[in-house]
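Whenever a hint applies, use it, and build me the whole structure from the sequences.
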Amino acid sequence: MPQVPASHFLFMVLYALLVSLVFAVLLKDERRDQLKTGAMMFGGFIVTALAISWLMYPFPL
Amino acid sequence: MATKSTAAERASASAKASARQAQAEPGRLALVCILSWLIPGAGHLLQGRRDKGLAFLIVLPLMFGIGLWLQGRLFPLEMSDPLVFLGAIADRGIGLPYLIAYFADAGAGTVTAASYEYGNTFLMTAGLLNFLVILDAFDIGKGRK
Chain C
1 MPQVPASHFL FMVLYALLVS LVFAVLLKDE RRDQLKTGAM MFGGFIVTAL
51 AISWLMYPFP L
Chain F
1 MATKSTAAER ASASAKASAR QAQAEPGRLA LVCILSWLIP GAGHLLQGRR
51 DKGLAFLIVL PLMFGIGLWL QGRLFPLEMS DPLVFLGAIA DRGIGLPYLI
101 AYFADAGAGT VTAASYEYGN TFLMTAGLLN FLVILDAFDI GKGRK
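Taken in sequence, the protein lines are chains C and F. Mind the numbering: the first sequence is residues 1 to 61 in our numbering, read in order. Mind the numbering: the second sequence is residues 1 to 145 in our numbering, read in order.
It should be emphasised that the hints constitute simulated quantities derived from the structure, not laboratory data. Glycine included, every Cβ here is placed at the ideal spot set by N, Cα and C. Hints should not be assumed to be uniformly reliable.
To be verified - Simulated restraints on C-beta separations:
| no. | chain 1 | residue 1 | chain 2 | residue 2 | range |
| --- | --- | --- | --- | --- | --- |
| 1 | F | Glu117 | C | Val47 | 13 to 23 Å |
| 2 | F | Arg144 | C | Glu30 | 12 to 22 Å |
| 3 | F | Thr112 | C | Trp54 | 24 to 34 Å |
| 4 | C | Leu50 | F | Phe131 | 24 to 34 Å |
| 5 | C | Ala39 | F | Gly65 | 23 to 33 Å |
Quick look at the structure:
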């Protein structure tokens, strides 16, 4: 079993990718629409996560 | 000419409606839903949605596998703790991969691992997404899609 990486960012990107893929396939029938929806959803996940993480940066743990 | 076209359209619509009706038999719908729960994407494959079915068949068990690899926990059905109970329901949504993991004693979870919460999230999300896939397969069976 390969060792688990410790990168939280990697986990987040992987999660966003897989969830976007499932939703895109679920919601759209045409390949082109699926790609567009999936890309938009994936981008939305990443941008929102980065924005929230920067907003939380000043707060102590 | 226009009359011929309308008659052809009507015949086509009638054929489609009867095909939907045949598909929407309760027994068949139940089979689609159970198969869809047991094997993610099987409900779509059974109804001729090959691309969608294959995508779900690959991605959802992969997500579940990643959750186990990240040392997530498969929660027990404990009524005393409502959040654990809801997590347990979500975990079980994936069907066969859950049963395999359960009988293989996987999914004990390592609370101290950095990836523990991510693992839980992957496991639960895989199950919850499969619930949506089941509903989609049901809608297709009903002729709504």
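Do the hints match the structure? See the list:
1. A hinted range of 13 to 23 Å holds for the C-beta pair Glu117 of chain F and Val47 of chain C, which are about 22 Å apart.
2. Against the hinted window of 12 to 22 Å, the Cβ-Cβ separation of Arg144 of chain F and Glu30 of chain C comes to about 18 Å, which satisfies the hint.
3. Separated by about 28 Å at the C-beta atoms, Thr112 of chain F and Trp54 of chain C satisfy the suggested range of 24 to 34 Å.
4. Between Leu50 of chain C and Phe131 of chain F the beta carbons are some 29 Å apart, a value that agrees with the proposed interval 24 to 34 Å.
5. The hinted range of 23 to 33 Å is satisfied by Ala39 of chain C and Gly65 of chain F, whose Cβ atoms lie roughly 25 Å apart.
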